[in-house]
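Chemist: Going line by line, the protein sequences match chains A and B.
For what it's worth, the working numbering labels the leading residue of the first sequence as 77, then goes sequentially.
For what it's worth, the working numbering labels the leading residue of the second sequence as 468, then goes sequentially.
Keep in mind that the hints were calculated from the coordinates and are not lab data.
We put the beta carbon where it would ideally sit given N, CA and C, even for glycine.
Heads up, some of the hints might be wrong.
[Unchecked claim] With a straight-line Cα cutoff of 25 angstroms, these simulated DMTMM-like cross-link-like pairs (lysine to aspartate or glutamate) come out:
1. A:Lys326 <-> B:Glu493
2. A:Lys105 <-> B:Asp479
3. A:Lys330 <-> B:Asp499
4. A:Lys441 <-> A:Glu451
5. A:Lys330 <-> B:Glu502
6. B:Lys471 <-> A:Glu139
7. A:Lys330 <-> B:Glu473
8. A:Lys249 <-> B:Glu493
9. A:Lys249 <-> B:Glu502
10. A:Lys354 <-> A:Glu336
11. A:Lys330 <-> B:Glu527
12. A:Lys354 <-> B:Asp484
13. B:Lys471 <-> A:Glu451
14. A:Lys440 <-> A:Glu255
15. A:Lys354 <-> B:Asp474
16. A:Lys481 <-> B:Glu527
17. A:Lys354 <-> B:Glu545
18. A:Lys326 <-> B:Glu518
19. A:Lys326 <-> B:Asp484
20. B:Lys471 <-> A:Glu298
21. B:Lys471 <-> A:Glu295
22. A:Lys330 <-> B:Glu503
23. A:Lys491 <-> B:Asp484
24. B:Lys471 <-> A:Glu336
25. A:Lys330 <-> B:Asp479
26. A:Lys478 <-> B:Glu503
27. B:Lys471 <-> A:Glu270
28. A:Lys249 <-> B:Glu473
[To be verified] Covered, in the sense of this in silico footprint (three residues per stretch, anywhere, with C-beta under 8 angstroms from a C-beta of chain A), are these stretches of chain B:
29. 469-478
30. 481-494
31. 511-525
Take a look at the letters that make up each chain.
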Amino acid sequence: MREQFDVAIVGAGPAGISAAHVLGGRGIKTIVFERGEYPGAKNISGGVLYGHDLARILPDFREKGCPIERNIVESRLWYLSNDGGYSVAFRDRAFCDRLFLNAFTVGRARFDRWFAEQTKEKGILVVCSTVVTDLLRDARGQVIGVMTDRPEGDVKARVVLLADGINSALAAKTGFRPEPNPHDVALAVKDVIELPEELINERFNVETGQGVTTEIIGEITEGMDGVAVIYTNRNSLSVCIGANLSDFVKSRVKPYEMLERLKEHPMVAPLIRGGQSKEYMAHWVAEGGYDSIPGLSGNGYLIAGDSGMLFNALHREGSNMAMTSGRFAAEAIVEAFDKGDFSSNGLAGYLERLDGSYIMEDLKKYRGFGKFRLEHHELFTTLPRLHSFAAREMLTVDGVSKKEKQRIIWKAIRKEISTGKMIRLFRHGWGSIK
Amino acid sequence: MTVKIEDKLFLDRFRVDEEPHIRIIENAVCMDKCEEQPCLYFCPANVYRLEKDRIVVAYEGCLECGSCRIGCPYLNIEWRFPTGGYGISHRFG
Ligand SMILES: Cc1cc2nc3c(=O)[nH]c(=O)nc-3n(C[C@H](O)[C@H](O)[C@H](O)COP(=O)(O)OP(=O)(O)OC[C@H]3O[C@@H](n4cnc5c(N)ncnc54)[C@H](O)[C@@H]3O)c2cc1C
Ligand code: SF4
Ligand code: SF4
Numbered sequence: 077m078r079e080q081f082d083v084a085i086v087g088a089g090p091a092g093i094s095a096a097h098v099l100g101g102r103g104i105k106t107i108v109f110e111r112g113e114y115p116g117a118k119n120i121s122g123g124v125l126y127g128h129d130l131a132r133i134l135p136d137f138r139e140k141g142c143p144i145e146r147n148i149v150e151s152r153l154w155y156l157s158n159d160g161g162y163s164v165a166f167r168d169r170a171f172c173d174r175l176f177l178n179a180f181t182v183g184r185a186r187f188d189r190w191f192a193e194q195t196k197e198k199g200i201l202v203v204c205s206t207v208v209t210d211l212l213r214d215a216r217g218q219v220i221g222v223m224t225d226r227p228e229g230d231v232k233a234r235v236v237l238l239a240d241g242i243n244s245a246l247a248a249k250t251g252f253r254p255e256p257n258p259h260d261v262a263l264a265v266k267d268v269i270e271l272p273e274e275l276i277n278e279r280f281n282v283e284t285g286q287g288v289t290t291e292i293i294g295e296i297t298e299g300m301d302g303v304a305v306i307y308t309n310r311n312s313l314s315v316c317i318g319a320n321l322s323d324f325v326k327s328r329v330k331p332y333e334m335l336e337r338l339k340e341h342p343m344v345a346p347l348i349r350g351g352q353s354k355e356y357m358a359h360w361v362a363e364g365g366y367d368s369i370p371g372l373s374g375n376g377y378l379i380a381g382d383s384g385m386l387f388n389a390l391h392r393e394g395s396n397m398a399m400t401s402g403r404f405a406a407e408a409i410v411e412a413f414d415k416g417d418f419s420s421n422g423l424a425g426y427l428e429r430l431d432g433s434y435i436m437e438d439l440k441k442y443r444g445f446g447k448f449r450l451e452h453h454e455l456f457t458t459l460p461r462l463h464s465f466a467a468r469e470m471l472t473v474d475g476v477s478k479k480e481k482q483r484i485i486w487k488a489i490r491k492e493i494s495t496g497k498m499i500r501l502f503r504h505g506w507g508s509i510k
Numbered sequence: 468m469t470v471k472i473e474d475k476l477f478l479d480r481f482r483v484d485e486e487p488h489i490r491i492i493e494n495a496v497c498m499d500k501c502e503e504q505p506c507l508y509f510c511p512a513n514v515y516r517l518e519k520d521r522i523v524v525a526y527e528g529c530l531e532c533g534s535c536r537i538g539c540p541y542l543n544i545e546w547r548f549p550t551g552g553y554g555i556s557h558r559f560g
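Chain A on its own, in the form it takes in the complex (with noise of 0.2 angstroms):
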C-alpha cells in the first residue's frame, strides 16, 4: 500500500466512523483501519446509543437497517446491598412517540459493523484485521501517515485521525497520550444472557420493542468504585459490572466472581433466571473526565472519542461523546483541506468546535465526579448497607414503635458514620455534580 490517502483513520469504532461518513460525504480520499477482523470484534459496551448524536451523521439510520434492539423507555436506577436495595425509575410516553429512539440498545458488534459498512457508498476504504503500529513523520515532527502490521503496510496520510478507542496501544508509543493510570480507567466485564423476547417484555413490564435500562451502585462492587448495568436487547439481556481499575489492583476481588455474585444478587437473579449466558468480554471505560483529556491535536493529527478521554462516567455517555467529536474532527479536517494547512493551526476548528459543545461543558461540570467517588468509598460499604438496614427496619412489624425503631437505625448510623462524615459526604458529592 504506496497509495496517497487524504485521511487516516485509525479505529471503525463510533468515533472513527462516524468521522468517515463525514469525511466521504465531501469526497476526502479516507481509509479506516480496523484490528478486528470487522469493525465491532473488539468492542463491547452497554449498549446504549444515543438518536440525536447518530442522526447529524445518518439521518436515516432506521430506514438503512440501523440494528436497534430496543428503544429505552424507561431508566431504573438500584441502590443495593448484599441482601436487596432501593429501586427508583423513570418512564414517559414521550420515549415511545416524540423521544421515540432517544436511547436504544444494539450490540455492538453488529452495530459497528453496519455503520462502517454505510460508509462504502461514499467511497470509504476500510481495512480490517490490521492494527496501526506507529505514525509516519517528517523530519519536523509533523505526522503524515500510518504504519500497520501489514507487509509494507506504511500508508501516507495528510492528517491521521486517532479514533483508538481508551485501550490505545498507540498513545503510550506516540507519547501523544500518555498511558492512563489505572484510577483512570474502569474495568468492565460482561455477559450476554440470551432469553425468549416474550419473557423479557413480561419481566420488565414492556411491549415488544420496548426496553429498560438499569444502573445498579451499592455493595455489589465489593467495596470497590464501580457500577453495574443491566439492559435489554431483544432477546438478551447485557449484564455488566466494573470498577476502578486501582481499586481492583488493591482489592484481590476477581472480575468474574464478581459478575457471577451480581447475577445471583435477589433484584438480579430473578430477571435473568433461565438464560443462557452466549459471551464473555472485558474492556475499560474512560473515568479519568476533563482531568484526564490529553492534547487532542497536533501538527498532522486529531485525536477523538475514548481515545481523547471524551466519557461522561455519570450519565454513561460516550458512544454519543465518540460520534460527535469524530464528526467535528471531520469537519475541521474539511476546513483544513480548503486551506491546505494541516499543522494544529489548520486544525484548529476541532477544538473550537468541542469547546462550544455539550462535551467539554458536561466534561467540565462533572470533572471532580470520579475524585469524589475515589475519596468516598462508603457510598459502596457502609451507606448502602445502612440504607437498606433503615428501610428493612421500618418496614419489620414486629410490636416495636417506630421511635424505638429511629432510635435504633440512628444509633446504628452514628456507631458507623460520624456527622461531620456525613456533611462532607453530601457537600463533596454536590459540589462534584452541580
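Given the coordinates of chain A, assemble chain B with the ligands onto it according to the supplied hints.
Modeler: Below, chain B with the ligands alone, put in the same frame as chain A:
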C-alpha cells in the same frame, strides 16, 4: 459460588495468534519483588497463573482489556495487540 473461568471463555470466539502478544519481562521481579501479585486476581480472563517458581501467561484467553499493562505495579508486562484479525472476536459485543 464457583465459576470456572474456562467455562466463561468457552463462550467466546478466539483466533489464536501463534506468537504470544503478552510477555513477562522479568520473572524474578514477580517472584522476589512483587508481594501482592495482583495480576493473579484482577485479570478478567485469569491469564496469569502461579506455578511453582514462576507466573505463566495463558495469553490465548486474553480479552484484550489492557488492564495488566498498566495494573502491574512494576510495569513488568510487555503487551501489544494480537496481530490484526487475531485474538477475540465478539459476536454480540
Ligand atoms: C462495559 C461498557 C459499557 C458502556 N456503556 C455505554 C453506554 O451504555 N452508552 C454509551 O454511550 N457508552 C457506553 N460505553 C462507552 C462507549 O462504549 C465508548 O465511549 C465508545 O465505544 C467510544 O467509541 P470510540 O469510537 O472512541 O472507541 P471504540 O469504540 O473503542 O473504538 C475504537 C476502535 O479502534 C480499534 N483500534 C484500536 N487500536 C487500534 C490500532 N492500533 N489499529 C487498528 N485499530 C485499532 C478498536 O479495535 C476499536 O474498534 C460503555 C463502555 C463499556 C466498556
Ligand atoms: S503484577 Fe506484575 S510483577 Fe507482579 S506478579 Fe504480576 S506480572 Fe509479575
Ligand atoms: S489484557 Fe486484560 S484480559 Fe488480557 S491478560 Fe491483560 S488483564 Fe488479562
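Chemist: Does Asp484 of chain B sit within 25 angstroms of Lys354 of chain A, going by the straight-line distance between their CA atoms?
Modeler: holds (23 angstroms)
Chemist: Examine the region 511-525 of chain B for residues whose CB is less than 8 angstroms from any CB of chain A, and state whether their number is three or more.
Modeler: holds (count 3)
Chemist: Are the Cα positions of Lys326 of chain A and Glu518 of chain B separated by 25 angstroms at most?
Modeler: Given pair Lys326 of chain A, Glu518 of chain B holds - Cα atoms ~22 angstroms apart, limit 25 angstroms.
Chemist: Assess, step by step, whether the Cα of Lys330 of chain A is no farther than 25 angstroms from the Cα of Glu473 of chain B, and give holds or violated.
Modeler: holds (14 angstroms)
Chemist: Take a quick look at whether Lys330 of chain A and Asp499 of chain B sit within 25 angstroms of each other, Cα to Cα.
Modeler: Roughly 23 angstroms separates the two Cα atoms, so the pair holds.
Chemist: Is the straight-line distance between the alpha-carbon of Lys330 of chain A and that of Glu503 of chain B 25 angstroms or less?
Modeler: This hinted pair holds, its Cα atoms lying about 14 angstroms apart.
Chemist: Is the straight-line distance between the alpha-carbon of Lys105 of chain A and that of Asp479 of chain B 25 angstroms or less?
Modeler: violated (36 angstroms)
Chemist: Take a quick look at whether Lys441 of chain A and Glu451 of chain A sit within 25 angstroms of each other, Cα to Cα.
Modeler: Holds - the C-alpha atoms of Glu451 of chain A and Lys441 of chain A are around 18 angstroms apart, at most 25 angstroms.
Chemist: Are the Cα positions of Lys471 of chain B and Glu336 of chain A separated by 25 angstroms at most?
Modeler: holds (10 angstroms)
Chemist: Assess, step by step, whether the Cα of Lys471 of chain B is no farther than 25 angstroms from the Cα of Glu298 of chain A, and give holds or violated.
Modeler: Roughly 20 angstroms between the alpha carbons, so the hint for Lys471 of chain B and Glu298 of chain A holds.
Chemist: Please verify whether Lys249 of chain A and Glu502 of chain B have alpha carbons no more than 25 angstroms apart.
Modeler: Status violated; Cα separation ~29 angstroms.
Chemist: So if I understand the rule, the pair passes when the alpha-carbon distance is 25 angstroms or less; does Lys354 of chain A with Glu336 of chain A pass?
Modeler: With Cα atoms ~14 angstroms apart, Lys354 of chain A and Glu336 of chain A stay inside 25 angstroms; holds.
Consistency with the previously given hints fails for numbers 2, 6, 9, 13, 16, 17, 19, 23, 26, 28, 30, ordered from lowest to highest.
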